[in-house]
Amino acid sequence: MTPDITPNPETTPTGTPRPAGAGLLAGHTVSRIGYGAMQLERLHGDRGTALAILRRAIELGIDHIDTAQFYGDGFVNGLIREAVHPHDGVLVASKIGADPNPGGPVPMRPAQRPQELRASVEDNLTSLGLDRIPLVNLRRMDAAPRIPLEADQVVDLDDQLAEMTALRDEGKIGAIGLSSVTLEGLRRAIPAGIACVQNAYSLVARGDEDMLRLCATEQIAWVPYFPLGSAFPGLPKVTDEPAVIAVARTLSRTPSQIGLAWLLHHAPNILLIPGTASAGHLEENVAAGAITLDETTLATLDAIPTRSGDITLG
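According to UniProt numbering, the sequence shown is numbered sequentially starting from 1.
The hints are simulated quantities; they were obtained by calculation from the structure and are not laboratory data.
Please note that the accuracy of each hint is not assured.
Claimed, not checked - Pair by pair, the computed Cβ-Cβ distance ranges are:
#1 L183 / A162: 17 to 23 Å
#2 P191 / T49: 41 to 47 Å
#3 A52 / E122: 27 to 33 Å
#4 G103 / T250: 44 to 50 Å
What the hints assert, rightly or not - With a straight-line cut-off of 25 Å between C-alpha atoms, the simulated SDA-like cross-links for lysine to any residue are:
#5 K172 / P236
#6 K172 / L235
#7 K172 / F75
Only a predicted model underlies this, so the values are computations on that prediction, with no experimental measurement involved.
Cβ atoms here follow ideal geometry from the backbone N, Cα and C, with glycine treated the same way.
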């Protein structure tokens with residue numbers, strides 16, 4: 001795909017400054033701070049507030065939104081369809097490899113077979129009201145957090161990529177991303193053309209540093225989830241780190257903002273999609289893009305040990 005050309009890459013197509021400047025995602029110039037929509041499913045009973053958060057994100061210069069059909073069993077996609085308009089110039093990225101599992105111990109179940117991947121793309125197209133999804137991430141189960149797999153859900157990556165490539169050739173998706181993938185898996189997938197990787201990664205969980213470097217070399221966007229550490233009890237969180245708290249106090253910022261700012265400083269191909277169901281937190285996340293961390297501060301934060309751990313759901 002040919003990258004889009006804008007008169008000023010530091011602003012969105014509507015002229016709003018891009019938070020943290022511009023990055024490249026699936027051949028499109030986007031803000032380095034996007035929005036992860038998963039937490040909007042918490043607002044199932046308050047649709048108006050959920051729609052207002054999406055509109056506020058666009059007003060703040062966010063022009064890429066990350067979603068999935070299994071977020072709220074299509075509820076979140078429906079919000080995006082209603083709130084985001086073509087003239088907003090927003091890139092919508094979705095995720096497949098799992099299906100909704102309402103009422104289950106985990107809100108999603110694996111859907112890894114090629115025919116399930118195709119069906120999920122079709123479901124996303126319908127719920128988002130799109131003819132083509134600009135970017136679709138394949139959610140593998142190779143890296144944490146894992147979901148136990150039945151035998152029929154153990155599918156070779158090459159078979160999945162063949163289906164994803166066919167969907168791209170048919171024009172149903174624009175670009176292919178990978179989520180929860182290993183370094184070996186990424187190396188195998190690169191010849192298929194990979195636009196981004198979404199793995200759990202943060203200041204306190206830097207186990208994928210070699211993969212991040214490979215992505216930078218191959219001009220693949222690194223779009224971390226859990227950017228402030230694990231959401232699961234007992235695992236490390238960026239906001240609990242004394243060094244992060246001290247830097248936040250010195251700069252009159254929140255620890256969350258420092259954690260996000262560190263990611264933006266750490267590598268130029270990192271794009272953020274922090275999620276929230278709060279307009280106030282959304283604005284704080286966007287403001288993190290304006291934080292400057294000097295070399296001494298970066299060295300202090302870099303010295304925080306990484307403590308990545310495996311997680312199995314269900």
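Right, here's what the structure says about each hint:
1. Judged by the Cβ atoms, the range 17 to 23 Å given for L183 and A162 holds: they are separated by roughly 21 Å.
2. Between P191 and T49 the beta carbons are some 44 Å apart, a value that agrees with the proposed interval 41 to 47 Å.
3. At roughly 30 Å, the beta-carbon separation of A52 and E122 lies within the given 27 to 33 Å, and the hint holds.
4. For G103 paired with T250, a C-beta distance near 47 Å keeps the hint of 44 to 50 Å intact.
5. With a CA separation close to 39 Å, the supplied pair K172 and P236 exceeds the 25 Å bound.
6. For the proposed pair K172 and L235, the alpha carbon gap of about 38 Å is over 25 Å, so the pair is violated.
7. Distance restraint check for K172 and F75: the Cα-Cα separation of roughly 21 Å lies within the 25 Å cut-off, and the hinted pair is therefore satisfied.
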